[in-house]
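Asker: Using the hints provided, position chains B, C and D relative to the given structure of chain A.
If you read the protein sequences in the order shown, they are chains A, B, C and D. One gets my numbering by counting positions in the first sequence from 1 and adding 42 to each. One gets my numbering by counting positions in the second sequence from 1 and adding 42 to each. One gets my numbering by counting positions in the third sequence from 1 and adding 42 to each. One gets my numbering by counting positions in the fourth sequence from 1 and adding 42 to each.
One copy or two, either will do: identical chains are not told apart, so a pair holds if it fits within one copy or between any two.
The calculated BS3-like cross-link candidates involving lysine-lysine, where the alpha carbons are at most 25 Å apart (straight line), are:
id : residue 1 : residue 2
1  : LYS363    : LYS129
2  : LYS296    : LYS340
3  : LYS83     : LYS340
FYI, nobody ran anything at the bench for these hints, they're computed from the structure. Here the structure is a predicted model, which means the values were calculated and not measured.
Protein chains: 4
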Amino acid sequence: MILHLNNSISESEAQKIAAENQAFCFNNGKQFVLITSSSLKEVPEGLKSKITESWVFQNDNQLASREYIKHTREVDFGTFKIGGNTKNTVLIGGPCSVESESQIRESASFMAGLGLKLFRGGCYKPRTSPYSFQGLGLEGLQLLAKMREEFGMQVITEVRDATHVEEVIEYTDIIQVGAKAMYDQGILRACAKTQKPILIKRGFGTTLQEFVQSAEFVLSGGNPNVVLCERGIRTFETGTRFTLDLCGVAWLKKHTNLPVILDPSHAMGYAYGVADLARACTAMGIDGLLIESHPNPKVALSDASQQLNHSEFEALLTSLKPVANAVGYNMI
Amino acid sequence: MILHLNNSISESEAQKIAAENQAFCFNNGKQFVLITSSSLKEVPEGLKSKITESWVFQNDNQLASREYIKHTREVDFGTFKIGGNTKNTVLIGGPCSVESESQIRESASFMAGLGLKLFRGGCYKPRTSPYSFQGLGLEGLQLLAKMREEFGMQVITEVRDATHVEEVIEYTDIIQVGAKAMYDQGILRACAKTQKPILIKRGFGTTLQEFVQSAEFVLSGGNPNVVLCERGIRTFETGTRFTLDLCGVAWLKKHTNLPVILDPSHAMGYAYGVADLARACTAMGIDGLLIESHPNPKVALSDASQQLNHSEFEALLTSLKPVANAVGYNMI
Amino acid sequence: MILHLNNSISESEAQKIAAENQAFCFNNGKQFVLITSSSLKEVPEGLKSKITESWVFQNDNQLASREYIKHTREVDFGTFKIGGNTKNTVLIGGPCSVESESQIRESASFMAGLGLKLFRGGCYKPRTSPYSFQGLGLEGLQLLAKMREEFGMQVITEVRDATHVEEVIEYTDIIQVGAKAMYDQGILRACAKTQKPILIKRGFGTTLQEFVQSAEFVLSGGNPNVVLCERGIRTFETGTRFTLDLCGVAWLKKHTNLPVILDPSHAMGYAYGVADLARACTAMGIDGLLIESHPNPKVALSDASQQLNHSEFEALLTSLKPVANAVGYNMI
Amino acid sequence: MILHLNNSISESEAQKIAAENQAFCFNNGKQFVLITSSSLKEVPEGLKSKITESWVFQNDNQLASREYIKHTREVDFGTFKIGGNTKNTVLIGGPCSVESESQIRESASFMAGLGLKLFRGGCYKPRTSPYSFQGLGLEGLQLLAKMREEFGMQVITEVRDATHVEEVIEYTDIIQVGAKAMYDQGILRACAKTQKPILIKRGFGTTLQEFVQSAEFVLSGGNPNVVLCERGIRTFETGTRFTLDLCGVAWLKKHTNLPVILDPSHAMGYAYGVADLARACTAMGIDGLLIESHPNPKVALSDASQQLNHSEFEALLTSLKPVANAVGYNMI
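Excised from the complex, chain A in its bound form (with noise of 0.2 Å):
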């Protein structure tokens, strides 16, 4: 249950009642919110005095709800925005690995030369064997301030586990929460206590309930901006990488009031279908979209199959402008 308190009510009087009630509480820059597990379906008789209005729920997609809040979320990018009335669909470029200096400004330099407003570089690379090339780390996230310095992009790059999540914090724009970390919630609760944006990756084994319950720990934590993103599940299909899953993103713009945005470079897994995907994603109307791009894939430390080179993503782009148009969106 979602509870709004009276304007009266002061902070440690609000702590208070959070306590008794086992509730989280934040001030959401209006009044303090209360949340409660989705089973409590009745105002306690003791509150009905100090609320303004009340939500029950048959689960616990509270906050994250449409039920909650009726339209998407507009979240604040910075030099941008997205979700609420904007229409837009941002474009999010970049390669899977932060590699070197030279790899990544060149990268960010034809990114930037496109008019792109947000950029992506893995510095924490989450693979799955340890033998595997494993990201710069800390000298990646260096990396990638210095290109936000001299290109005026916002950063995005993920967070692996919770023993880093503080520097990624501090040195990028907007976190992401991969897709294998999104049920840590070391990671999420750190991410609950800054204000700048979370990009969320649905987890390949997750539903989509599980995928909206990771957010409400951000969300309850008191950090309104968050993002989904949606970027395949795994099925018996192994003739691509994974199989992306529209219907949940149908589902998750019927439900939630969270922005959205896709990643068809990690579903399809070959760089051959990205570009019809990417169009699919576009034309269903969506807050962004998230494709890895390298200077020369072939010599990728990571993930050197999916990555579009250069001249096929700003192909790809201009073949996305008028698909946006087409449903009412601006691709930025």
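Answerer: This is chains B, C and D only, laid out in the frame that chain A set:
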């Protein structure tokens, strides 16, 4: 292996060669074609002088493969064509089931009024329970044929099992092999003997490779007019009815020469997501779209939750045309 | 809903009542039984005086349900029984396919020598490619019948599609409805008209609920002798051919009254794991086990990798008996 | 590639060689061991004189593979051993969560009374919702340690994320890496630095290959005491909570040298199937079994539906012993 025989070889000789090599044999209009298992990797010595061309394959995706025919096949539906150079995306509309003469006429009249060329309606419903509505059977086929006469649209309906495949071939213009029947050799072999277009739906537990091999049953029997239909696979996600596999569609476009039609209605299972998904499908540059629509979905005898009503269907069609145009296709 | 009619009601009257209530009707040896959709929750007023007992269900698992019959049905295989109070676990052995008279005799002779009561061999192989060995068809059925005469074992073989279901019913003692055919109403309705035991294999993409509903097609048509067979479902894991669903077996034992037979050979897909899995299955307290074994697996025309050779099969049988005894069952 | 260095090589020299070859390095008690990526297929020229033995692998299942160590590793749990030649199947019992001192003492007292050697209880619960009970944290760890003192059983609990991994290593005898955390490199690398046994649970969306690679993170860091735990994968079937993958267990026994423990409680999700599944697991000849049991399951704060009560647990243990004996194992 596929082998094209010399034009000088007679039908009886071709059949003799086929029998000696445990091969399928048919005439493709230009020459006799032999197909053996893909495990045959070299042209048998005795055949070298009798062939004009041969193709070796890694697996049993042979006649359907992009290696054999390097573009999408053109399939003639009588009053229109798809595939080849047509750049047509055909919209197939109609109810899940033929329920009565008045219901099916109301639907057909509406669809014809919108300019649709291909009309659907189920007569033999492959229900998973014996206690559900099973379709009108032959009576339904006759009603569909009547609608064709009255409204000039082509009609398509589904074969449930081999006991009535001949009836369906007789009464309809396009034969649909349903998701639960696509391994059925009784059906596939019967479909191989006609020249009418065959639309094969992917089973919800079927790999892409098996899906294509299902088409090979029809193609190797001499019917070149096969169209594939992706309609959602079964995954761990149950928030939606199935998971539409657009990564798989990218794979089919890359690896096969068959036109691809998509069915977002069955994938989603809920009317609310069908329009968004239909736009996504269209943006992939596909050969057709199959959308269930009922004059009054609430009283439909099957699939009530996923059928659009007529005004939703009309609004969808309006929105699809600019998306098709944005990717260089015509919605017909 | 299931209704037991008064004994005084004649067959013609029962059929009339069934038609009026859109119900299935058969005689279970004691009385006429009506079955309607499970959506009927109250006995119709006009029927109250004509029935002795009625059962209401949450879903279409009705005749097969543990609510209707509170123990596992006894099914008579002619020379032995399973289910009921028998505590028998029947071991079914034999090759994947009947390949030749000498091969099938060598196999049958060996299996009979071990004391096996039920012998398997495929005649109509449901291959996913037209270019693979498709089975000997009718000739295979006749060879199986010959083995029955020579060695005194019951025989079981699979129906691939509805075109030959009558032949299989004629020639074999138990009719197997394969995993790819278990939605096929042409087959299921034919199986409902005989009284021979029907073994239905779960489709690899089939839910437990759908699996049981497949049995309801046979049961509601008047054949009470249905046995379920779990043989592995398709999941994301491809290190093994399929994933044997023993959680599902626990579900079936809890929710249905049908005997359950397990097929670890198809689930595993590799001979090396079959013995361990067979022991696991046996320890669940089940009604039967289906194991593929070939005189010389390396030259088998189908499923070569998963068939045990004869010495492996014999060693397996020896190891299974103490496991069966440990859980109070007899391996026959 | 794995390389065993000559005994004459000093630690500093071994570390130097490792750095030059981008290899992991540890001392296995007999010699220094180097491990590189499996993509290295030939011993580098300069190393040939410095090694005694080398192994080449097809994939990154290296230290865990059956090619490297041809039997199941023996792992010492302090008061007992599993694997090796022990033929022990250890039964691990206890509640899902440590809820209070009285609850955990009641449980520990009962389990110790049955002779159990290893006791479980969750302290950091990896709940998917922030609004559920999250465990007692450090207080729970201290209670578990107290139970070890009082009852003389070893204790095991789960790490949820990297923020508290050091605490768990300090307080418990065996460290469990949960299904949602098994890709977490922060946890895995910390576990590599201790010599305490590490039980890694398979993620419910994790392939067998990835599962083994997770163990490689610990093994390559120098901790040889890794045990794998299968606990059910997520499939399309929702009648049960997960699908226990015993085919996968057969694969692990064939392809790895690590002991395998099974957790049927989480797989099934319902108490009714746990006993049957536990007997099935035991009949596979495994190294351990993890069963959740609560003094009063109805009031459990987590996993209420799947925990056995104490009398069910005792009856299960009684039934497991003869099954273990039937396959040559001892239930301890």
